[in-house]
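Q: For this one, chain S is given, so just place chains D, F, X, Z and G on it according to the hints.
Residue numbers (my numbering), protein chains in the order written: chain S, 9 to 258; chain D, 9 to 258; chain F, 9 to 258; chain X, 9 to 258; chain Z, 9 to 258; chain G, 9 to 258.
These aren't lab readings, by the way, just hints derived from the structure by calculation.
Please note: incorrect hints may appear among the correct ones.
Since copy identity is lost for identical chains, a pair holds within one copy or between any two.
[Said to hold, decoys possible] In silico lysine-lysine, DSS-like type, Cα no more than 30 Å apart, as pairs:
(1) Lys227 / Lys201
(2) Lys224 / Lys201
(3) Lys32 / Lys224
(4) Lys32 / Lys227
(5) Lys32 / Lys201
There are 6 protein chains.
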Amino acid sequence: MRLLFVNPNTSADLTEQGARVARKAARPETEIVPATGRFGARYIATRAAAAIAGHAALDVFAREGRGADVVLLACFGDPGLFALREISPVPVVGMAEASCHLASTLGRKFSIVTGGHRWGPMLEEFVAAIGLTANLAAVRTVAPSGGEIAANPEAALDVLTQACAETVQRDGADVVILGGIGFAGMAERIAGKVPVPLIDNVVAAVQMAEAAAALKLAKPRSGSFSPTTPVRTTGLSAQLAALIEGENAK
Amino acid sequence: MRLLFVNPNTSADLTEQGARVARKAARPETEIVPATGRFGARYIATRAAAAIAGHAALDVFAREGRGADVVLLACFGDPGLFALREISPVPVVGMAEASCHLASTLGRKFSIVTGGHRWGPMLEEFVAAIGLTANLAAVRTVAPSGGEIAANPEAALDVLTQACAETVQRDGADVVILGGIGFAGMAERIAGKVPVPLIDNVVAAVQMAEAAAALKLAKPRSGSFSPTTPVRTTGLSAQLAALIEGENAK
Amino acid sequence: MRLLFVNPNTSADLTEQGARVARKAARPETEIVPATGRFGARYIATRAAAAIAGHAALDVFAREGRGADVVLLACFGDPGLFALREISPVPVVGMAEASCHLASTLGRKFSIVTGGHRWGPMLEEFVAAIGLTANLAAVRTVAPSGGEIAANPEAALDVLTQACAETVQRDGADVVILGGIGFAGMAERIAGKVPVPLIDNVVAAVQMAEAAAALKLAKPRSGSFSPTTPVRTTGLSAQLAALIEGENAK
Amino acid sequence: MRLLFVNPNTSADLTEQGARVARKAARPETEIVPATGRFGARYIATRAAAAIAGHAALDVFAREGRGADVVLLACFGDPGLFALREISPVPVVGMAEASCHLASTLGRKFSIVTGGHRWGPMLEEFVAAIGLTANLAAVRTVAPSGGEIAANPEAALDVLTQACAETVQRDGADVVILGGIGFAGMAERIAGKVPVPLIDNVVAAVQMAEAAAALKLAKPRSGSFSPTTPVRTTGLSAQLAALIEGENAK
Amino acid sequence: MRLLFVNPNTSADLTEQGARVARKAARPETEIVPATGRFGARYIATRAAAAIAGHAALDVFAREGRGADVVLLACFGDPGLFALREISPVPVVGMAEASCHLASTLGRKFSIVTGGHRWGPMLEEFVAAIGLTANLAAVRTVAPSGGEIAANPEAALDVLTQACAETVQRDGADVVILGGIGFAGMAERIAGKVPVPLIDNVVAAVQMAEAAAALKLAKPRSGSFSPTTPVRTTGLSAQLAALIEGENAK
Amino acid sequence: MRLLFVNPNTSADLTEQGARVARKAARPETEIVPATGRFGARYIATRAAAAIAGHAALDVFAREGRGADVVLLACFGDPGLFALREISPVPVVGMAEASCHLASTLGRKFSIVTGGHRWGPMLEEFVAAIGLTANLAAVRTVAPSGGEIAANPEAALDVLTQACAETVQRDGADVVILGGIGFAGMAERIAGKVPVPLIDNVVAAVQMAEAAAALKLAKPRSGSFSPTTPVRTTGLSAQLAALIEGENAK
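Excised from the complex, chain S in its bound form (with noise of 0.2 Å):
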């Protein structure tokens, strides 16, 4: 089973080091295909940077998506999500998306903590946009951003897991998301310091991902899902204006 392993952010890097964890969570059948955006912010942290990996996902997978069997979006906040899924012929499933409905399937309530305060607000409208506010108990953020605890995670092991403790105590979360491609691997590091179970994103959307392609689901054939009419565009990728103009159609 292939899986695409799609990183918006424009750090090859963090590419290899999501994909590392996601091999090591995934089943030996599973190949894990990493693919880099081409254009956009080296590490998302604004909104500006999220929107232009709405489009730099789509070009990934207008670029590599031939013969994946399942496409993982492997930014926290799952930029582009509705969009690939209505453009992908097989299931997409969003790092945060897999990591918040496997998260309240273990609990009650739900907390993030991620790095980079301005993820706040954007993953509370995230939240709200996939239907889950009544099971999120709080996003608490870190002063350091994802790219800057990926680039040197044992400086923040300490901050985290005091973020996580603060979340079960007072928000009261009974499972806690360590979310952002950058905290890869470190959930099990700190898991054990934590009072509740602590959901690695990276790993928990390995197992999502392989859940929705083992049910061999066909395309949607009518609704907002569906293939799209052809339609003209300028200034794409080759591959993207394809898709978009025609290999798509219905």
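A: Positioned in the frame of chain S, the structure of chains D, F, X, Z and G alone reads:
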């Protein structure tokens, strides 16, 4: 990996039927261990039967849960789900909860099609209880109960197909779940006639159970699903009494 | 008028304590008939105990419900409420449900103060299940359980008074409910120290039960609370089995 | 016990008609004291008339409220309810609010059937304002206004019965409220033809008023319904001016 | 363009103060026509005063509305807004409604800062009534009433600035509204000390009134805001009676 | 006053058509500066096209935004709205957001009528994202896309008129918005046949843009829309890269 497949309906043949589909859906290394409720309705189709089944599910778990790596509560509507999750040291996956969350990641709106009109409001309330009302297109029920359909599936294929088609067209469902242990294995037979992904609830729940188990999370040590303080009981099975009176103590 | 006072906690002394307060609150022509759960926890303080109590409440009703004009489910949290309402030919009043609705007519926001921290999320979920989340200021729990407080009420008066005062000041509660059968009779002792109306849950529920009975409404003949179709059962008390297998048939 | 029955419609005959039903529904020791608005529409059927009625209800209370143990605001839609509750030293029961909360304890979803199409959105907004939207199946209006129906009830029985039956069947109502002082006494005439409990709004409100009075609660000393700071006024009736300028002072 | 500036507070000096700011904010071709309530509280700070003001606003409009192109209801909290909108042939802009909607387009979450603690819950309820709860960060009230602040604005600048700063920092407001006619003109004095946009409610409402008028929309001919059927009244001013009894007839 | 009129559809003729209507609606002193997206779909009618348009809108702004006093994002559905608002030093008005908020002040419930069925769920999600779900009566779509309608408006007048009439009658809309840049100028042609106010989205957005500009608000210095920390990018236009990498730095 050992998956306890708890059917709180007191019909062992339904358990077997569901377990067969579960085995087919599971990875080779997953052992499906079926277990059937010892008291209550043969087929759960009312609020009273569901309330009794909540107790029956706990009782089954107390008797047969030892050694399980994950528990699958295999009655769509998930009677006793949060109680079981509280008392179990390993993850508990509700068949309806798992199906609804997985469906939510395959589109924006999912519908449930099931047998027996009384399940309509009960499932709407269930979806609200797990925080997913915003993602629910509709619950559509057909007249024969899940038990009757399980006994004679051929007769029901057309009416189910039509209910699925209607909820796509009129309610805007992007995904449909066939809900009920009695429907195990039926989705693949009619999926071709339904224009959006059609979820088999047993298959979906097995995938989610394997995903939850793969996370290797520790039992919460604080909060609403942590081990409970022992309390004296009366009139329960010895095994359930033991769990509540002490074995499960902090 | 005959009011069946069902305590699904399996402590007959709590039943008596509650029934005494109920008798004092009731009109002269109301007969309070106490009944105690036959199986389950001595004092319900966990999700598992509450799930079992849902069954126990049905069992009590099946054994002792004949001749009642109204049923009062006297455990704050109302385990089995909707199931009992489905199966009973006469109105069923849940102690928490009644208190919350009555409180909602005395201000805009009500709070619940109760004993035992695990009741916090359970009661928030209950309030959501009865559709009153928008009217809830907060649930505040104190450390001793309702059972412990009932055993030694003097020791708890101060901590309860303080919790009430805090929820008025910090959560903006216009009304406060002291929730738990173990608190029966305590509200009048501390009401003078709480700056907003303080509701005694047994007193409120008796008033609502008398109000419901006075409406002389017929059992619904259609919908989610109409009589159920008979279904075979196993392992239940003879009386409960009779109710579910036929006596309660359409 | 003295119950001030405030009809903010300026039709004394409607007041009498409602008070007659109230007397029949009340306990023997409850004295029903009718009072009619002094200014505004004969029959309230618009937003403008309802806004004026909020003032008129305060004015009636200021003139005739002295000595009351409880106030019943007997116009379905409850104009001025929260203001009256603020200013009154004794509990204030709104006829619509009381009916909706009592109905909520008799099933999961209630509907309102009333006369005059303009009440449709007004009552949906009212139900939202009291926090009960989640429990509302539907508001169904028939063409003749409540005033017209009160003048010739025979002519309306069939159309009301049909509206009740429709909201049960199509909207899934477990309970129906006949809303409007003009409908007082009509529910018992058609209840036999409606397959779920049918609530007479005057009867329900009297029960809730007696329940509220029986709690013997003190006026709040803090918060949104505590006595207000005196403020100078102009152009009001002497009695209302007195209440607002000082009598009601902290 | 003629803008009727309706102040339902019965303080003509407040009307003048507000109208001065309105004139400064308006386009040259906009004529601001001030009008003051004839009965009710000098300064509205309670539910009772607001209920009376709903009637007073209608009365002012009936007397002075002829010839207006748009109506601005200039009391933050907008008493009688929907009723006025029903009865007026031209658009009606509520000062709070306009400010909240305009603020919603300048960020994701807005806060309201106002004078007088009793306005806290009243404004939360108002924001819910106009459907904007999801966009509200918080309502923060300071002790002096709007009337007191208008009388001595210098004394209040610091406490208001601090309340604004707090709601930005603690409640996550992207925008803040200074609410109350008594605050007209104050936002520009402290805006420099508040790190997010600070809205002057009179200025915002004038902009929204000019926008509404510019759309040149016809009065609705159907639905909840179309002209009402005449109904007999009693005890109203001749002009308001005329509006309700016939002039405004379909 | 300089208004940047950003059309992220890549059809310059649509931009011109919209800008003509904008000029007619604007005050004399408002200069409308049209700008068209450089890449993406000719006409946005899918999730993928909208995701790309979010990037395109940022790109247009980076190239042509200098000197603007306000930005109007003139694609109904507002792709990239929050990102543009984050990055722009002046107010950004979304055409759909502005229309929905203005419509909310003209009644209680608004509907959107637009072209292309795929916009149905996309706009429901958009309305939820801006917090206005409670005010939405319905989104009604007609078969021809906005692009097709713009190319041949005569052919569409009847079908649009009928969709408007239906949403008034069946969905209870108090106001209707014709949504889509392709509909600019059409509302006035059919308004006479629609019994409630009909909003032209370009006209409404111009009014709201002028209102926002008139407030002369400073760029937020804190929170989710304050200037962002510079971050390295790749593959963007020089102007957009400059904005994100530093020009827009705190």
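Q: For each hint, tell me whether it holds in the structure or not.
A: Here is what the structure says about each hint:
Taking identical chains as interchangeable, the C-alpha atoms of Lys227 and Lys201 lie at most 30 Å apart only when they sit on different chains, with a minimum of 13 Å there against 43 Å within one chain. For a Cα distance limit of 30 Å, the shortest separation of Lys224 from Lys201 across copies, 15 Å, qualifies, whereas the shortest one inside one copy, 38 Å, does not. Taking identical chains as interchangeable, the C-alpha atoms of Lys32 and Lys224 lie at most 30 Å apart whether they share a chain (23 Å) or sit on different chains (13 Å). In this assembly of identical chains, the alpha carbons of Lys32 and Lys227 lie at most 30 Å apart whether taken from the same copy (29 Å) or from different copies (23 Å).
For the homomeric pair Lys32 and Lys201, the shortest alpha-carbon distance inside one copy (23 Å) is at most 30 Å, but the shortest distance between copies (38 Å) is not.
In this structure, none of the earlier numbered hints is contradicted; all agree with it.
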